[in-house]
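There are 2 protein chains.
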Amino acid sequence: MKEVALGIDIGGTNTVFGCIDSEGNCLVTGSLPTQKHEAIEDYLDELFVEVESAMNGSADKMQIIGVGIGAPNASFYSGTIENAANLRWKGSIPLADLVKKRIDVPVIITNDANAAAMGEKVFGAAKGMNNFIVITLGTGLGSGIVVNGDLLYGHDGFAGEVGHMIVRASGRECGCGRKGCLETYVSATGVKRTVYKLLARHMGDSELRDVPFSRLTAKMVAEAAGRGDLVAKETFTYTARMLGEVLANVVAVTSPQAIFLFGGLTKAGDILFNPVAETLEKQLLSIYKGKIKILASGIEDDAAVLGAASLIWNKR
Amino acid sequence: MKEVALGIDIGGTNTVFGCIDSEGNCLVTGSLPTQKHEAIEDYLDELFVEVESAMNGSADKMQIIGVGIGAPNASFYSGTIENAANLRWKGSIPLADLVKKRIDVPVIITNDANAAAMGEKVFGAAKGMNNFIVITLGTGLGSGIVVNGDLLYGHDGFAGEVGHMIVRASGRECGCGRKGCLETYVSATGVKRTVYKLLARHMGDSELRDVPFSRLTAKMVAEAAGRGDLVAKETFTYTARMLGEVLANVVAVTSPQAIFLFGGLTKAGDILFNPVAETLEKQLLSIYKGKIKILASGIEDDAAVLGAASLIWNKR
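First to last, the sequence lines map onto chains X and P.
Just so you know, we're using my numbering here: the first sequence kicks off at 56 and counts up by one.
Just so you know, we're using my numbering here: the second sequence kicks off at 56 and counts up by one.
Hints were generated in silico from the structure; no laboratory data involved.
Just so you know, these numbers come straight off a predicted model, no measurement behind them.
We treat Cβ as the ideally placed atom computed from N, Cα and C, and that holds for glycine.
Hints may be right or wrong, so weigh each one.
[To be verified] Simulated crosslink set (DSS-like; lysine-lysine; CA at most 30 Å straight-line):
#, chain 1, residue 1, chain 2, residue 2
1, P, 234, X, 337
2, P, 346, X, 234
3, P, 182, P, 234
4, P, 344, X, 234
5, X, 156, X, 116
6, X, 145, P, 348
7, P, 348, X, 234
8, X, 234, P, 252
9, X, 145, P, 344
10, X, 252, P, 234
11, X, 370, X, 348
12, X, 370, P, 182
13, P, 346, X, 145
14, P, 344, X, 337
15, X, 145, X, 91
16, X, 288, P, 234
17, P, 337, X, 252
18, X, 344, X, 182
[Unchecked claim] If you want the footprint, here are the derived chain P segments under chain X, 3+ residues with CB under 8 Å:
#, segment
19, 225 to 233
20, 320 to 333
Starting from the given sequences, assemble the full structure and let the hints guide the process.
Here it is, written out as structure tokens:
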């Protein structure tokens, strides 16, 4: 009988789960559409049928010792999902309690950036680190902050909203209803917006002039930069410098050992990482200079599920 | 025999000490000039002669169970003072070890803002709070951040430099060698600088036009504001709004229950506190709105010594 943690990542489109052993091996995995059921109870029923069926189909005999869940708007303290804009279940959903009714083991829920940070600590490149930050760069910008070896939740469970630090007064409109939030600049969406700003400002040729806003992706911008497109290159420099500047301020608050960049946008590689590291180093208060590493995530596959499962393994 | 913690506050001019019981009563107190001795050993010899003499002069029989020290550039992890600009002892001073040679009890050292934060938790208005921030407003701006009930030190012991978050790119010159740090705006010195900026910008009468920069104090500005001086009033509004803006970003990182304002500048009262609270509330991300209190420190007398002693009592 092998002990495993069940990791569940609830995304806006799909839910992915996996049974993860203490070494970070994913023994079985599976998925289902998140939005099929109007009632959370029906969704969970189907999810646990899938989990059982996946486990029965495996040669390994497993025992689930805990369930870790990454979900949007997840509240760690209350075990609830709170008014998630991109899920069908409205209001406050007592997710942890509902899961515990189906399997009586410890259930921990948190948001995806916190799960990513814990995944990095338990299974990834942050092993042995007790003070670090993970910045997730996807459609938006998430952050998971580890201090004294534990996730920083703060008083109400919602610490780590670095993406909503205001970095430009009266700046770009943000989905949160305010202006100038970091994620309006530093994210896949932010990259698109910067491309259009630069296309408006400059006269020079760019292959990006042929792409409508609605079809443009950060990946296309990264590829154009790789081919030497000046607007695309300047876009990444601008994005990275903005991130480096803000990280210098976050360092002044939390003094981490390293900052990990994680998510789709990081596939851009050096054109993102190098100017982030350079700007950070230049902007840092002297007592921090030369001490803070900018690193790539050490988790490749099944990152979301590993992160969710790590919430359980970190407590063992 | 009454158990006490010896609290020591090492300031640039004076060193103050006190024997503090578990209730926060200061049983004996004393002081000596910090800069009299060139050698740290001679300074500590005199300090402990003073402590012993003060204790012998008291009717209470006391036993020191630990020594807490607040000092500039103090490193919690190494127990050292590192290159303090305003002390005579240069380089790295192994303060905790030197104290332990004289009295073999636990010795904890930290900077004065961290000591103030712990003092608030153990003896002040933050009793029972596990996630809060103390902002000390003196010549500069210090910060002590408590998360999960403990001081946030970060990887190297130097977390909590909110005063050195850069808030205006290419802004005011800071003593740290960079530009635009929060403490160049929000501190007693920042208030002076803002007065002069406003006197340059505006044409109107102000009693502050008669005071040279070198003689101007934040207290004079607060008093002028109390008499209705427009430049003085606008100075406090500007200062408070800048602080409120930055605190909204700090909240997005750490999600505290409350933020305490501490130190000389807070004597200005409502003209400081009200616009800080209003600006913070306006700038906060919606999930934090209505949740974060801006409060005055609950410690009146002997704050520095109580803070230093609280480092010991918090661990009991």
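Taking the hints in turn, this is what the structure says about them:
1. P:234 x X:337: holds, 12 Å
2. P:346 x X:234: holds, 21 Å
3. P:182 x P:234: violated, 37 Å
4. P:344 x X:234: holds, 16 Å
5. X:156 x X:116: The hint holds at about 22 Å.
6. X:145 x P:348: holds, 29 Å
7. P:348 x X:234: holds, 23 Å
8. X:234 x P:252: OK: residue 234 of chain X and residue 252 of chain P at ~27 Å, within 30 Å.
9. X:145 x P:344: With Cα atoms ~20 Å apart, residue 145 of chain X and residue 344 of chain P stay inside 30 Å; holds.
10. X:252 x P:234: holds, 27 Å
11. X:370 x X:348: Distance of about 26 Å is within 30 Å: holds.
12. X:370 x P:182: Holds, because 28 Å separates the two Cα atoms, which is no more than 30 Å.
13. P:346 x X:145: holds, 22 Å
14. P:344 x X:337: Distance of about 34 Å is beyond 30 Å: violated.
15. X:145 x X:91: holds, 15 Å
16. X:288 x P:234: holds, 28 Å
17. P:337 x X:252: With a Cα-Cα distance of about 28 Å, the restraint between residue 337 of chain P and residue 252 of chain X holds, given a limit of 30 Å.
18. X:344 x X:182: Given that 30 Å is the threshold and the Cα spacing comes to 23 Å, the pair holds.
19. 225 to 233: holds (count 3)
20. 320 to 333: violated (count 0)
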